[in-house]
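> With chain W fixed as given, assemble chain V onto it according to the hints.
Spelled out, the chains give:
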Amino acid sequence: MTFARRRWLNGFITLLAGAGLVAWYTAYDVALYQPAFLTGWLLLAVILVLTLYNGRKKLSMVPLGSASAWLQWHIYSGFLAIFIFALHIGWSVPNGILERILALFFIAVAGSGLVGIYLSRRYARMLTRRTEEVVLERIPQFIAELRAQAEDLALQSAVETGSSTIADFYGNRLSSYFAAPRNMRLHLQGSRRASFARMTDMNIMTRYLNDQEMVYAEKLRLLVERKDRLDYAHALQSALKAWLFVHLPATYGLILLALLHLVLVYSFGGSR
Amino acid sequence: MDTIDVERILALDPFREMDRDRFPTSLSLTGIIRNDMRIVKCQDGDIVMREGDYGNSAFLVVKGQVRVILRPGLPETMLGRAPSQKKSLMQAVAQLWRNPSYPEVRGTYSGGESKGTASRAGADQQARIFLQDVPAVLDQHRTATLVAGDMFGEIAALGRTQRTASVISDGSSELLEIRWQGLRDIRRRVDDFREHVDQLYRERSLASHLRATPMFQHLDEAAIARIAAETLFETYGDFDWHTQYQRDRDESFNHRLAGEPVIVAEGDYPDGLLLVRAGFARVSQSVNNGHRTIRYIGRGAVFGMAEIVHNWSEYTGKAGVAGEGEAGGLPAKTLHATLRALGYVDILRVPTAVIEELVLPTLSGEALAEYGRLDERPDEAKASEGNETGVDRLVEPGMLEFLVEHRYINGTATMLMDLDRCVRCDECVVACARAHDNNPRFNRHGRRHDHYMVANACMHCMDPVCMIGCPTGAIYRSSPGGQVVINDMTCIGCATCANSCPYDNIRMVEVRDGTGAFIRDTVTNAPIVKASKCDLCIDQPGGPACQRACPHDALKRVDMQDLSDLGRWLNR
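Residue numbers (my numbering), protein chains in the order written: chain W, 55 to 326; chain V, 92 to 663.
Looking at chain W on its own, in the form it has when it is part of the complex (with noise of 0.2 Å):
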């Protein structure tokens, strides 16, 4: 089945869900019932289910289905859950303490998701265009070594040449570069002005270089390059990583606070 066939199956499925939701919700509420009562233990027995999905990761080694037809049932009954709490909720904001705090949970929960969605098919696009693939944890040990690299040539530069322009350079301008991962949002935003404003600058000191300091000019600029790669592959990583642990920590603290406010519905939300 293509992608944008089981897109549509599974978005239709979802419609059809949310309107045999929504005639259940009118019938219940032409009977005179609470339909808020409906839709908040559909939206618990909804959210209970959609936190299984963690647990099939963990169980990889049981047949329980595929992690990805997982992933599809976990996403489309999460835009089922988003319309059920709307409903549970009135389309309005919730009056009490606690129900704001639940609702900013479920936002939470629901917002991370959703954005990672749509990190998951961005920056895995662009992760396969401008990196080659380096396992995230393993970066920090290479930009050791570029460090190194580094360092080396701007000394065995100043040695042989006996100039210090590109150990000034690297010193000055450098230095703090290769120490560590940087310019973090720019990489995420897609940007290439921090990697342009530093090509710019190494062009500019090229102007001071003789032919025998051009060697080394050159080998650093190659660095510089690779180091941006390591930049970029460690900006996208990490926040492909990052979202989960905003989904992850609201999805507890949501199901707890939701178990509270079924408690205090219970015992002082008078009849159903």
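Calculated directly from the structure, the hints in this document are not laboratory data. Quick caveat, the model's predicted, so the values are computed rather than measured. For glycine and all other residues, C-beta sits at the position ideal for the given N, C-alpha and C. Careful, some of the hints might be misleading.
[Said to hold, decoys possible] Cβ-to-Cβ under 10 Å is the rule here; a few derived chain W residues that face chain V:
| id | residue |
| --- | --- |
| 1 | Ala-58 |
| 2 | Val-116 |
| 3 | Ser-122 |
| 4 | Leu-168 |
| 5 | Val-169 |
| 6 | Leu-173 |
| 7 | Gln-291 |
Coordinates of chain V only, in the frame set by chain W:
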């Protein structure tokens, strides 16, 4: 082999009869015997060759006798192979907490020997597996006896196919082991030997190969026998292709293409139907000054049928073939593409006249129309069909060239990754590690084409060159799944498989005990080394964990013989 032994061998049949003048000075018969043969002294019960192993040598009985175990053969456990038993659901889940915290931890290696067999050093100091209770085995199995002068194992060695039976030494015996290189050199120069081997293949295997070919399936025994009698055997390329590939893989495309022997060229008259018996071939068409690969074919494939059908239809005026039916007059259609050996290819050539006499008149109009359809170029296929089936099977030319160039076409479970969908979460690696005692069996790294990457994971090749030469048979193809797996118990860490793998997908690892200390050889005190690679999660209840664990549909284990499946995946 020393000079006395060489002289002794030269005095034996069939070498005594061979005309030594047919061998060039640089590759004399004496030289072949010295370099490509060795004398193996076996004791009672020694397993000379195992059913299912990939052949790389043949044997001649010099003294004593050996027993061929007829079907049903020896059980897998007796052949030094681990029983392929899947974990239960609970055992699978228990991996979450039972997996060791150190890398490459193994249990003790005692008590894990195969049932009914043990190993001992032969006279040549090579490890040899032997049956512990030969009389019981002989009682329970039907056997055939081979005596001095008999040769066995030559078909598997020449075709690099699986051994069809196990052979054990019956009492003490002396055997001459002939490497495939030597066999091929002799076969090329000695007519009697070649005819003998060809005749054996004709008798034992050819008919079943022909019967498995779609256009021959409806023929009766007499027709099959006639085709078998007329079939010519041809070999192209270098049998030792993996070393050549490793040497040339960084050379330019044109350099490598020039090294691929042409089997038939585009524009040649189709003088026979070509059946691929073993190996792979590239089908390409000329484009100005270059060649474009339009597909690749492997064992069991057929080439040239469309042109033969077309020409016969033109000649006989049989309508409905390729949309044309006018009788006579038009020039014969020549081959539409060039066929080149990728590595090595064994070809069976059935002469056109035989096809025209025995096969074509018996085919239905629909079958003729189907076989008469020439390969379309991929872009033409897309344009002409336009439907989903056409688009699905499209593998864009660049991808096809990439797969052929790097011989990934050899894989039956090649790990292909779509980097446009991969979020680098490493769930695949984590899942693999969980399924293998916390040791990932592949690297999420490899060659790239566009946004696809072939990761460094065992491809479970059609032609598993890693299996050639394993002294204990520890690396083998499992049945019934066909995965290439290593039995850790019988692996002696010689690295033959790792050095042979053209794709660098086998690693040698130093193993540890439960406390994290290296397990050491009691004599040399050196750490014990084992070969390690992807086993396609053979013991896991759900199959390959890597593929199932990928949440973004970015990873697939692809059978490269199934181009339509590959096309569907690439064109999702």
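> Each of the hints needs a verdict: does it hold here or not?
Taking the hints in turn, this is what the structure says about them:
{"no.": "1", "hint": "Ala-58", "verdict": "holds, 9 Å"}
{"no.": "2", "hint": "Val-116", "verdict": "holds, 5 Å"}
{"no.": "3", "hint": "Ser-122", "verdict": "holds, 5 Å"}
{"no.": "4", "hint": "Leu-168", "verdict": "violated, 15 Å"}
{"no.": "5", "hint": "Val-169", "verdict": "violated, 13 Å"}
{"no.": "6", "hint": "Leu-173", "verdict": "holds, 8 Å"}
{"no.": "7", "hint": "Gln-291", "verdict": "holds, 5 Å"}
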